[in-house]
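Novice: The lines below spell out each chain.
2 protein chains.
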Amino acid sequence: MDIKHRKVNKRIRITDKNNRPLSDLEIGIHQKNHSFLFGCGAFDFIPYVMEGGESQKQITDSWLEIFNYGTLPFYWGNYESEEGKPNKDVLMKTAQYLVDNGVRVKGHPLCWHTVCADWLMKYDNETILKKQLERIDREVTGFKGVIDMWDVINEVVIMPIFDKYDNAITRICKEKGRVGLIKEVFDRAHADNPDAILLLNDFNTSINYEILIDGCLNAGVPISAIGIQSHQHQGYWGKDKLCEVLERFSHFGLPIHFTENTLISGDIMPGHIVDLNDWQVDEWPSTPEGEERQVKEIEEMYRILFSHPLVEAITTWDYKDGAWLKAPSGFIRLDGSKKPSYEMLKKLVKDEWWTDTKVKTDENGWATVDAFKGKYVITVGEKSVEVDLENNSEEVISL
Amino acid sequence: MDIKHRKVNKRIRITDKNNRPLSDLEIGIHQKNHSFLFGCGAFDFIPYVMEGGESQKQITDSWLEIFNYGTLPFYWGNYESEEGKPNKDVLMKTAQYLVDNGVRVKGHPLCWHTVCADWLMKYDNETILKKQLERIDREVTGFKGVIDMWDVINEVVIMPIFDKYDNAITRICKEKGRVGLIKEVFDRAHADNPDAILLLNDFNTSINYEILIDGCLNAGVPISAIGIQSHQHQGYWGKDKLCEVLERFSHFGLPIHFTENTLISGDIMPGHIVDLNDWQVDEWPSTPEGEERQVKEIEEMYRILFSHPLVEAITTWDYKDGAWLKAPSGFIRLDGSKKPSYEMLKKLVKDEWWTDTKVKTDENGWATVDAFKGKYVITVGEKSVEVDLENNSEEVISL
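Chains as they are written, first to last, in the working numbering: chain P, 59 to 457; chain A, 59 to 457.
Derived by calculation from the structure, the hints in this document are not laboratory data.
Careful, some of the hints might be misleading.
Because identical chains cannot be distinguished in the list, a pair is counted as satisfied if it fits within a single copy or across any two copies.
As the list claims (entries may be wrong) - Listed below are the simulated DSS-like cross-link pairs for lysine-lysine, each with C-alpha atoms no more than 27 Å apart in a straight line:
#, residue 1, residue 2
1, K299, K232
2, K405, K68
3, K297, K222
4, K405, K433
5, K354, K396
6, K234, K299
7, K404, K68
8, K75, K418
9, K297, K62
For reference, chain P alone in the conformation it holds in the complex (with noise of 0.2 Å):
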């Protein structure tokens, strides 16, 4: 598979602070970072940020091993379970943790039916929608700097039409129906914060969830990035569906998120559950077969995303087991021991696709660099420099 579009292949040139060229010099070329966005729920760093703890540690710090993009929860019925009560304090500190330890964070959902504030039914349509769009103000502005990327709403495919139970956002969709729903949270997501990236997240990827995203497009509906999620517990996709899933979601030349990826180690659910919620069990154990799969499934899985030029980001839903539905679905086990999808992901990221190379400048100390894209330390004998290769110009780097 063609990865070429993930690396540049740049000539940088060497020069002392006077501007001469530094020839014939070995440059050392040291990845700090992807540009490339390896993400993962990072809801377990919450109860370490607040808590701390040296278990709750282990999963964090190796988690960061890997990962450069964590999701974070911003549910409203959790986030504000009592209204005018949000929980930023807990939100804003653990997303300030992973922005200090070079994780991008985005906040997830803003709207959506499910999780959502019951106290919100209390009141007639038009003020669920103010409400929600004041929601929409306080958590944009609230993080800006912080979460600059937000899954802004959330499977409008189903939304006007999800009936197993009332609550406020269903109601205000049904009226102003999913494209005027989407438009308005967008427009005030936007003002709000006209930097940051927006996402509209679906699990449907159907002809239903493109001719969403076609009619958003053609009303002005300012979407950075279409989310697709794929949870996969009732077995693999395969390649084929998977490109299929691709091929058709490129038609409208945006970026596109992997938003929630589930494989799991375990029995897989039944095909004929069709909310995946319904699915209740006791325990839902990982096995040495499931865990074989799964490692297997998901390399597949990313390298197919990982060559596709529109792909910007892979985020795996749950990092730990037994989390979601009790799945099987993380890179650790219930006891915190690494999977071997765990050691194999890593090795992707942090090795075959990363690069930490040496390079010899010409005699007029120009080099050429190839190397997957993203922050780099370039180091010349003790002098170093911090630099983003991203592109394929070329550039001047002074020491």
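The hints should help you fit chain A onto chain P, whose structure is shown.
Specialist: Using the frame of chain P, we list chain A on its own:
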């Protein structure tokens, strides 16, 4: 079923030319046309208007006994089979004949991937779109005043993924996206004739079509009415599905037209056929049992649609058996004889839902008229006047 919205309950005052009330006088209220559009495919008028003939005239005359609304074919591949040689004369004469007989005419369709002009395929996409828009200019402007109602674009849900054969319209729909192409063609048709009724039309009644309409409306596409096809060669939808479709497409608050209705009076097409065009048979007879079934189904369907406040038009696709797919889909048989469905529908349209009555004015010349909306002739003795009875506002009529 409530059909109050189809009627006026109107106070009219009858005066002489000197504004003196004509009191205690019997006046006749004679309906001449419906506001509701009772439509049918009017393709059969083309051979009659162009070539005449008694047997052809029997067909068109019996058609005119029921319907006030006809669809004429503007399939690009037939209308302009050779580039630059449109079949305008034939269509104009036929449309004019219908208009002269009190029939409103709709052109079908201005843009569609099927029966498309093959010669378009030699052009690049930019040129195809240009020619598509010029084609819209030509037809919408050229027929203005005779045809002011158009199926602007047909079957867009499937359009960009239609893969039975290559065609020019699927190519440009793929490139511009569904809503992008819809917007282009509607904007053009609307600019050409701002007073025209412009329809989006589809056989797909799933959530796909709902989302497509939602996107179009939010993108500012000037859709006048939602067109819903209901070819039921594979069996009657039944009341539940019909009401469910009506409910879902009512959310937009736009007028709804049932644009292509089919209920057959013979054997039902097997359910495993996905594209109706794949069902190719040598003959498909109308049967006595089929005709009894057809009349019941058509009656139930028309009653439900007539009772729905947003439905403004019902068009049965084939007037005579043996047209599309050789199906027994008409109101008249292959030999021209009338089926029970013809007699039943005529009774509904020209009797049960028709007003021809007398009222008496009071001492001040006032009378109350309870009548189906439409065009009327009001008579007093030898005198008569034409009026539209469309709403409940009081009106003074001087004779």
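Novice: Between copies, within a copy, both or neither: which fits K297 and K222 at Cα up to 27 Å?
Specialist: Classified as between: cross-chain Cα gap 25 Å, same-chain 33 Å, threshold 27 Å.
Novice: For the identical chains here, do K405 and K68 meet the 27 Å Cα criterion within one copy, between copies, both, or neither?
Specialist: Classified as within; 25 Å inside a copy, 82 Å across copies.
Novice: Given identical chains, is K299 near K232, meaning Cα to Cα at most 27 Å, within a copy, between copies, both, or neither?
Specialist: between (31 Å within a copy, 20 Å between copies)
Novice: Treating 27 Å as the Cα threshold, decide for K75 and K418: within, between, both or neither.
Specialist: within (19 Å within a copy, 107 Å between copies)
Novice: How do K404 and K68 come out at 27 Å by Cα distance, when the copy is not named: within, between, both, or neither?
Specialist: Answer is within; shortest intra-copy Cα gap is 26 Å, inter-copy 80 Å.
Novice: Is it within, between, both or neither when you check K234 against K299 at 27 Å Cα-Cα?
Specialist: This pair counts as between: shortest inter-copy Cα distance 24 Å, intra-copy 33 Å.
Novice: What label fits K297 with K62 when the C-alpha limit is 27 Å: within, between, both, or neither?
Specialist: Within one copy, since 20 Å is at most 27 Å while 58 Å is not.
Novice: Is it within, between, both, or neither for K354 and K396, if the alpha carbons may be no more than 27 Å apart?
Specialist: Cα proximity of K354 and K396: one copy only (15 Å, versus 68 Å across).
Novice: At most 27 Å between C-alpha atoms: does K405 with K433 qualify within a copy, between copies, both, or neither?
Specialist: Within one copy, since 18 Å is at most 27 Å while 80 Å is not.
Of the hints listed earlier, there is not a single one the structure fails to meet.
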